[in-house]
Amino acid sequence: MKRKCALLVLAALLAFSAAGCQASEYERRTDASNTLYAGVVASSFPVSFMPWLSRDGIAPTIASMLYSTLFTYNEETGLFEGLIAKEWYYVDDAGEPLLREDGSVDYDRVEAIYGAADKTYLPVKVVLNEGLTWSDGMPVTAEDVYYTFDIATNNTLSNHAGALAWTSDLQHGYSSGTLVEQGIFTYGHGAADMGYAISEEERDTVLYLHVNKVLGAVTTLFSTILILPEHIWEPIVTPTNQLNSKDPTAATLAQYGHPVGCGPYVLDADRSNAQVIVLERRADYALTAEDGSALYKVDTIKFILYQELNVAIYALLKGHIDLLDSAISTNYLSLFEEREHMFVSNAPGLFLQTLVMNVNPVAGEKNPIRDLLGDVRVRRAIALAIDQDELISRILNGSGTTVAAGLMSTANPLIYNPDAILLPEGLEARIAEANALLDEVAPTRDEEGYRTLDGARVSFDILGSVGEQETIAFLQVQLQKIGIEVEFASKGSSPEKTYLYNSKFDMTIQGVTFTISNLDIMYLAHFVTLGTSSNYGRFGDPDLTALIREMRTTLDLEHKYELILAIQSMIADEYYKVPLYCSNVLSIARTDRYQGYVTVRGSTVFNTDTLQNLERRDAS
Amino acid sequence: MNRIYVLKRVLYAIFVFAVVITLDFFIPRLGVDDPAARYYPPQGNMTEIEYEIVKQATREQYGFDVPVFQQYLNYLEGLTRFDLGTSFRSGSPRVSDLISERLPWTLALSVTNLVISLFFGILIGAFAAWKRGRWQDTLLLNASTFTTALPAFFIALILTFYLGFEFELFPAYTNPNMVAEFDWSWDAIKVVMNNAALPILSMAVGGIVAYGQSTRNSVIAVTNEDFILTAKAKGLTPRTVLYKHILRNAMLPIVTSLGMSISGLIGGAVIIEQIFNWNGMGTLFLEANSTNDYPLMMGIMLFMSAVAIAANLVTELVYGLLDPRVTVGDRR
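Order-wise, the sequence lines are chains A and B.
Under the numbering used here, the first residue of the first sequence carries the number 105, and numbering increases by one thereafter.
Under the numbering used here, the first residue of the second sequence carries the number -14, and numbering increases by one thereafter.
In short, the hints are calculated from the structure, not lab data.
Quick reminder that beta carbons are idealized off the backbone N, C-alpha and C, glycines included.
It cannot be assumed that every hint is accurate.
[Claimed, not checked] A short, non-exhaustive set of chain A residues, derived as facing chain B with CB atoms under 10 Å:
| # | residue |
| --- | --- |
| 1 | Ala146 |
| 2 | Ser147 |
| 3 | Phe153 |
| 4 | Tyr211 |
| 5 | Val214 |
| 6 | Ile217 |
| 7 | Tyr218 |
| 8 | His264 |
| 9 | Ser272 |
| 10 | Asn348 |
| 11 | Glu412 |
| 12 | Asn414 |
| 13 | His424 |
| 14 | Val570 |
Go ahead and model the full structure; you've got the sequences and the hints to work with.
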């Protein structure tokens, strides 16, 4: 009996093995349709699409394809490009645009009218595109925009703190569910009462907003908030069944599962699951290319989940997918070079890596060696000793760019200050200058050649993650040349709380991204605010602070840009955050089915430009 | 088995579970000052007051607006109703629903792996003990060194690379539509078997060798015991000696290993699931971890802990049945 059982189990195992020994049929290899297979390395895909999705993983990408914002912001030109909306203006009290004869914004008049203390807001007129529809066929109107911004400011209905953050510059507010200040005006919501004339023809396409008196106030409103269809959500959303409900009703869940948006694609819910998301191009999408053809060239996009990067890379190499919508390490670069049918997008990045020094520790964390970092000569010496080119060559396999001491990426041409590079050329001369500077501060050295101060070696810890260990090892060698010892110190899982917010560090590696759209908040966080901010080294300079505050509040864009350039020079002069490198965004795609991939700064190969340019090879 | 032994084991398991519940609640909160600030860093030109409003809304949204101890009490109160809370993910699904969706898929992998490992492990181990000192025995010992040195995920990567990608003998990773299209038809079951082959193989390589090694050592040790000599001297048949005396006593360490394996059934395949895109509990845990989904993390950890505690309890009770000597201390 026992022998029979054993044989049965063995037979079952053999059957199992036989069934298992059969390769999968990878759909892409035989798919002749205009379907792009995009691999995504993530832990999961969302299966429920609350319109204002979380910020994690692929959710924002999917959201931006199903829904749309009013505009998209072009960091290179500093201009808003139309999506739902086509135009916007600062206006006078009567709602008339404040424009110069050439059509540009008349900042002199903006400042003249709204610079006065008694003016508490800046009015903005927004004009929507005509003919846009939701994916269920209903027209997109100004009332949808009103509904979206209104609910975003009313947490009683939206239950979405992020929406409160996005609309913090809109002077439209609720208190316990009651409107206490109106800052959105449409034909049906008090525009006439405010003196803004909207004709019958314009009723669906024009609205006015009252925003805070800063030039950056419209950025988040225009380019972050996904506009919702009022006709879908207004009947469902109530204080007891909020937009982001903790306990959604069946009706709400149905909308989460079958989202109605006004973006270029619509979700194919029947073919999507936790591991695949299928998007179909909307045939009725109103925005078109210049030649009148469809703006987005791919009919169907299939996102396929991979939880392990190496598996995803091999899936691409073996032709299971067309592209990988994930940035990959530069260590992989040699794997793809010189391979057939492979497009490597090596896009300049926006993310800068810096070495931050603890220049002003709290009283309890001061010590004579750490105090050296408060001396600008020491900081300059350290900056002089760091060879960015060599760092990029060795750590990033050459896939990166050097960064100016003003900490602005060249990817922001409008506000990049090329003069904010205060280090001389030539490493030997720089090392000599660095040593000369340090000789003024700590001239004595120990038997190993390191500098000493009152008998103690000048030695600093650099806080970093495991991934930054290589960079720190490189810095160790570089700074040894000027007699400064540095050692790696692990950041741990909660570095802010453990070390950075309470001055318990000498130096740390910190990533920063400064763009036109985030400077207002980032300059403050990195160089002014003390305590729980990104200003880990508690840097403070009254002149720089004054300049940053002026930059934030000026209503003259040209003046704002001038101030940003000046701020970079001041930042460069302080050597508080020493630039290390700006790594490229490396991503890959196959070219045997599609051609026309576009490399975009700071993006992977899966980007809007690519989707608007791709073409099936056999179609040409 | 005496009742005091059972009672003591059960009470100890309950105590451990209470400690686990407490740790399960507090550990995810360590190192996070204000979860609200982590969710929504300051935006645009927000003032401190505006930002405080946003943070407060975030705290309310996720139930962080009451003191931590009150949150703990709320959590305990929920557990009495078997309510593990709702996930932070879109649509606010219940944690228990998410676990019950993923659990069968993990069990399909890990139980099959356990059966295969146990069956072949005991078979190979007994065979190696029988051939003690010969090449079959040496092969098992060397294989044991090999699989101990190579973690399962590395074996998985090697297998998926060669058998999946290069030679295409097995699916290199799970068919993305497998779970969604599963309907208990024979075709669907074949698809599951097809997709499970490599992950199970990756895990089973180590499992078979481990059980084989354990069985081999145990059988050899028992065979050399005096009572086996006595049994033989009494004139018992070799079959009776093997089944009634050697194997029964050799099972003790195997039962211990089995208990540990059962406790790892749910959480033991995290990396394997990740490599093969297997939509199970392991990947659910990784998702929760990467999105700071506290309720989901806590729910999974609690569930895994409960299974481990239950498995250990059962192991100890079975141990008592197999070897009554372990309960002697409790009899006094």
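Structure-based check of all given hints:
Given hint, alanine 146 of chain A at the interface with chain B, holds; its Cβ is 8 Å from that chain's nearest Cβ, closer than 10 Å. The beta carbon of serine 147 of chain A comes within 4 Å of a beta carbon in chain B, closer than 10 Å, and the hint placing it at the interface holds. A least Cβ separation of about 6 Å between phenylalanine 153 of chain A and chain B falls short of the 10 Å threshold, and the interface hint therefore holds. Interface restraint check for tyrosine 211 of chain A: the shortest CB-CB distance to chain B comes to about 18 Å, outside 10 Å, so the restraint is violated.
With its C-beta approaching chain B no nearer than about 16 Å, valine 214 of chain A sits outside the 10 Å limit, and its interface hint is violated. Look at isoleucine 217 of chain A: its Cβ only gets to about 19 Å from chain B, farther than 10 Å, so that hint breaks. The interface hint given for tyrosine 218 of chain A is violated, since its Cβ lies 15 Å from the closest Cβ of chain B, which is over the 10 Å cut-off. The beta carbon of histidine 264 of chain A comes within 7 Å of a beta carbon in chain B, closer than 10 Å, and the hint placing it at the interface holds.
The interface hint given for serine 272 of chain A holds, since its Cβ lies 4 Å from the closest Cβ of chain B, which is under the 10 Å cut-off. The beta carbon of asparagine 348 of chain A is positioned within 10 Å of a beta carbon in chain B (closest approach about 7 Å), and the interface hint is therefore held. At about 5 Å, the closest approach between the beta carbon of glutamate 412 of chain A and any beta carbon in chain B falls short of 10 Å, and the interface hint on this residue holds. Taking 10 Å as the C-beta contact cut-off toward chain B, the hint placing asparagine 414 of chain A at the interface holds, the least distance being around 7 Å.
For histidine 424 of chain A, the interface hint holds, the least distance from its beta-carbon to any beta-carbon of chain B being 8 Å, beneath 10 Å. The interface hint given for valine 570 of chain A is broken, as the beta carbon of that residue sits about 17 Å from the closest beta carbon of chain B, more than 10 Å.
Hint check: violations occur at hints 4, 5, 6, 7 and 14; the rest are consistent with the structure.
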